[in-house]
Amino acid sequence: MTHASRFARLGLSSLIACGAAASALAADAPVIGLITKTDTNPFFVKMKEGAQAAATAKGAKLLSAAGKADGDNAGQVTAIENMMAGGAKTILITPNDSKAIVPAIKKGQAQGVMFIALDSPAEPADATDALFATNNYTAGELIGRYAKVAMAGKTPKIATLDLFPGHPVGAQRHNGFMKGFGLQAPEAKVNELGKSAEIVCSADSFGDQAKGQTAMENCLQKNPDINLVYTINEPAAAGAYQALKNAGKDKGVMIVSVDGGCAGVRNVKAGAIAATSQQYPLKMAAMGVEAGVEFAKTGKKANGYTDTGVTLITDKPMAGVDSKDTKVGTELCWGNK
Amino acid sequence: MSSTTLSPAPTTWRPPPLATLGPLFALVAAAAFFATQSDRFLSIQNFSLILQQVMVVGTIAIGQTLVILTAGIDLSCGMVMALGGILMTRLAAVSGLNPYAAIACGLLACMAFGLVNGLLVTRIRLPSFIVTLGTMNIAFAITQLYSSAQTVTDLPPQMTFLGGTFAVGGAAINYGTLLMLVLYGAVWWGLRETQPGRHVYAVGNNPEATRLTGIRTERVLLGVYVMAGAFYGIAALLSVARTGVGDPNAGQTENLDAITAVVLGGTSLFGGRGIVLGSLLGALIVGVFRNGLTLMGVPSVYQVLITGILVILAVATDQLSRRGNR
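Keeping their order, the protein sequence lines are chains A and B. The opening position of the first sequence corresponds to residue 1 in the working numbering, with each subsequent residue numbered one higher. The opening position of the second sequence corresponds to residue 1 in the working numbering, with each subsequent residue numbered one higher.
These aren't lab readings, by the way, just hints derived from the structure by calculation. From the three backbone atoms N, C-alpha and C, an ideal C-beta is built for every residue, glycine too. Please note that the accuracy of each hint is not assured.
[To be verified] Computed footprint of chain B on chain A, listed as stretches where at least three residues anywhere in the stretch have a Cβ under 8 Å from a Cβ of chain B:
(1) 38-51
(2) 191-205
(3) 210-218
(4) 235-245
[Unchecked claim] Distance windows between CB atoms, simulated:
(5) B:123 <-> A:337: 40 to 48 Å
(6) B:154 <-> A:166: 34 to 42 Å
(7) B:145 <-> A:337: 18 to 26 Å
(8) B:165 <-> A:72: 36 to 44 Å
(9) A:225 <-> B:154: 29 to 37 Å
(10) A:166 <-> B:96: 39 to 47 Å
(11) A:70 <-> B:216: 42 to 50 Å
(12) A:73 <-> B:256: 19 to 27 Å
(13) B:133 <-> A:73: 19 to 27 Å
(14) B:165 <-> A:57: 51 to 59 Å
[Unchecked claim] Just a sample of chain A residues kept apart from chain B, beta carbon distances all over 10 Å, derived:
(15) 28
(16) 89
(17) 102
(18) 107
(19) 127
(20) 148
(21) 167
(22) 263
(23) 290
(24) 297
(25) 306
(26) 320
(27) 326
(28) 327
With the rest of the complex left out, here is chain A (with noise of 0.2 Å):
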């Protein structure tokens, strides 16, 4: 390894050598690395594209790169060796591995590399010098929230589609909502799903659809009286939505989401799911950017948490819960309009 990386760390300088020659005028434009979970997932590109957009207006260079799959931790190592060799002072990064991201961001820092986890955080939180994220305990406090209210006289008989064992976002997500829907919840901090009388089926989604399919196929088996269903994410939903369909069960089951994809505010729009949380990638990457723009000007880190909002969208707005039309949605979300 030491060999390849040396060579390509070598290979890598010799080239921005090059470029820093060929580009003597802007030899003071602040460089910025963003380092994304994958590339694919349309949630990511959006981050790049904000990332880009807002390099632009602020005269930075962005550097771009991403793990290879989910869960990819070594290849963004990689990516943070290569960016500190590109001369980036500031690098903000999803992780793809909150832990093992750890030791290589420590490494960066001690050569005065200022870190933003953008999405979601390392572990210790406090391992990057700031994060910029969507609250993922609130997104589910408000579709829990509206869900109680339209419930309104029913019984609920409540199924979870959560994303899989030991995820932290999973378990923020699934006890927000409880919380929101005035069941007894863990609180934020917890990494297990919570559990009440109430919720009469939980299962694992991956955050996909063919798999929440599946889930929702085997939760009704379970009880087929389901009358709400809370999901991870807009996929799930869909696969929870082509179940109750197959079902017969589509109109009498609520569905309520978290993410605020373009598929997912489509989805809210055709009626297939009542409610999603809309989180902002584009603007989790346009702060992060500013952010070490204002580093490279004048040594000033950016420090703790910042929530980058969350807004629930829906077209069937209930009393005393604040929402967004799916207009609005549609205006802000991710991925093909």
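Given chain A, work out where chain B should sit, using these hints.
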């Protein structure tokens, strides 16, 4: 397997009559257990559901069984299926091609990948593991590039027909499930009763001896990979019909899921031994655990644990029985 037992006609391996008994026992035992744990488990409706849930992996497993019978392995199956699915849905829903023509294109693309796998294995004599590792990545990348990682919706009804059901005695039976069962029946018969089918076993048992008896082993292998591709293409159509969309992220775990089904079904990873119907049982075992544990309200991670244990048991049983045969 020792070469001293080389028979002049290595095509004569017949499955012992009790070969699928192990997986069948595991399946029945699991079903009996869940029947005592949940009063909703034991119903035609629920079995129909489990069959629907395994029809995609089950159909891929047919192709995978053929490859494994020749002592090969195919890692590309899930990604090739995803490519076939994206190709047929985009051609129909985005480019406006006739749905049947679009389905045919998807099938042909999957068979083309099978052909490439087969050619690399037979002509350049690369190990199938490496060849299909390569084509797996290639198929994934093409799928992502061609679809811009976007899900394809609004499919014509012809493409989702197989996802539909008809009622038999109050239970909803799914067309796709029937197709899968018919395919299993056909392949089981073909492997057992036709000459090319017997040649597949022979090539897996001892390629050199088979070649010496005058069988063109490379042609058999090539045929196996192309056929496998065709099954992945059919699985693509089934997956599209079941979910109602073309999903660029489909198929990511299906290669290992299919290999798991084949191994659980008692087919030997060393080639030459196995019954395709076992792979159906293998797929069903996984499906029964997933369904049953959900009905019990137990986290699905236990299904993963149990699957792991059963895989080891299946492979160990195969290895021990080989030693016994020596």
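These are the hints, each one checked on the structure:
With 4 residues having a Cβ less than 8 Å from any Cβ of chain B, the stretch 38-51 of chain A passes the three-residue criterion, so the hint holds. Interface restraint, the stretch 191-205 of chain A with chain B: holds (4 residues with C-beta to C-beta distance below 8 Å; minimum three). Remark: the stretch 210-218 of chain A is confirmed as covered by chain B, as 6 of its residues place a Cβ nearer than 8 Å to a Cβ of that chain, reaching the required three. Closer than 8 Å: that is the beta-carbon criterion, and the stretch 235-245 of chain A has 4 residues meeting it against chain B, so the requirement of 3 holds.
At about 47 Å, the beta-carbon gap between residue 123 of chain B and residue 337 of chain A stays in the expected band of 40 to 48 Å. For the hinted restraint 34 to 42 Å between residue 154 of chain B and residue 166 of chain A, the CB-CB distance of approximately 36 Å keeps it satisfied. In this structure, residue 145 of chain B and residue 337 of chain A meet the distance hint of 18 to 26 Å, their C-beta atoms being roughly 20 Å apart. For residue 165 of chain B and residue 72 of chain A, the hinted distance range of 36 to 44 Å is satisfied, since their beta carbons lie about 40 Å from each other.
A hinted range of 29 to 37 Å for the beta carbons of residue 225 of chain A and residue 154 of chain B is consistent with their spacing of about 31 Å. With their beta carbons about 45 Å apart, residue 166 of chain A and residue 96 of chain B fall inside the hinted range of 39 to 47 Å. One distance hint, 42 to 50 Å for the beta-carbon pair residue 70 of chain A and residue 216 of chain B, holds here, with the actual separation near 44 Å. A beta carbon spacing of about 20 Å between residue 73 of chain A and residue 256 of chain B agrees with the range 19 to 27 Å that was offered as a hint.
At about 21 Å, the beta-carbon gap between residue 133 of chain B and residue 73 of chain A stays in the expected band of 19 to 27 Å. Our hint of 51 to 59 Å for residue 165 of chain B and residue 57 of chain A holds, since their Cβ atoms are close to 54 Å apart. With 10 Å as the threshold on Cβ separation, the claim that residue 28 of chain A sits away from chain B holds: the shortest Cβ distance comes to roughly 36 Å. Even its closest Cβ contact with chain B, about 31 Å, leaves residue 89 of chain A beyond 10 Å, as expected for a residue assigned away from the interface.
The non-interface label for residue 102 of chain A is consistent with chain B: the shortest C-beta to C-beta separation is roughly 25 Å, beyond 10 Å. Distance check on residue 107 of chain A: its Cβ is at least 30 Å (rounded) from any Cβ of chain B, clearing the 10 Å threshold; non-interface status holds. Every CB of chain B is more than 10 Å from the CB of residue 127 of chain A (nearest about 27 Å), matching its label as outside the interface. The non-interface label for residue 148 of chain A is consistent with chain B: the shortest C-beta to C-beta separation is roughly 23 Å, beyond 10 Å.
With a minimum CB-CB distance of about 12 Å to chain B, residue 167 of chain A clears the 10 Å threshold, and the non-interface call stands. With a least beta-carbon separation of about 6 Å from chain B, residue 263 of chain A fails to lie farther than 10 Å from that chain, contradicting its non-interface assignment. No Cβ of chain B comes within 10 Å of the Cβ of residue 290 of chain A; the nearest lies about 27 Å off, and the non-interface call holds. Even its closest Cβ contact with chain B, about 36 Å, leaves residue 297 of chain A beyond 10 Å, as expected for a residue assigned away from the interface.
Chain B leaves residue 306 of chain A outside its interface by the beta-carbon criterion, the shortest separation being 28 Å against a cut-off of 10 Å. The beta carbon of residue 320 of chain A is kept farther than 10 Å from every beta carbon of chain B, the shortest such distance being approximately 33 Å. Remark: the non-interface label on residue 326 of chain A is consistent with the geometry, its nearest Cβ contact in chain B lying 16 Å away (cut-off 10 Å). For residue 327 of chain A, the condition that its CB be more than 10 Å from all CB atoms of chain B holds, with the nearest at approximately 20 Å.
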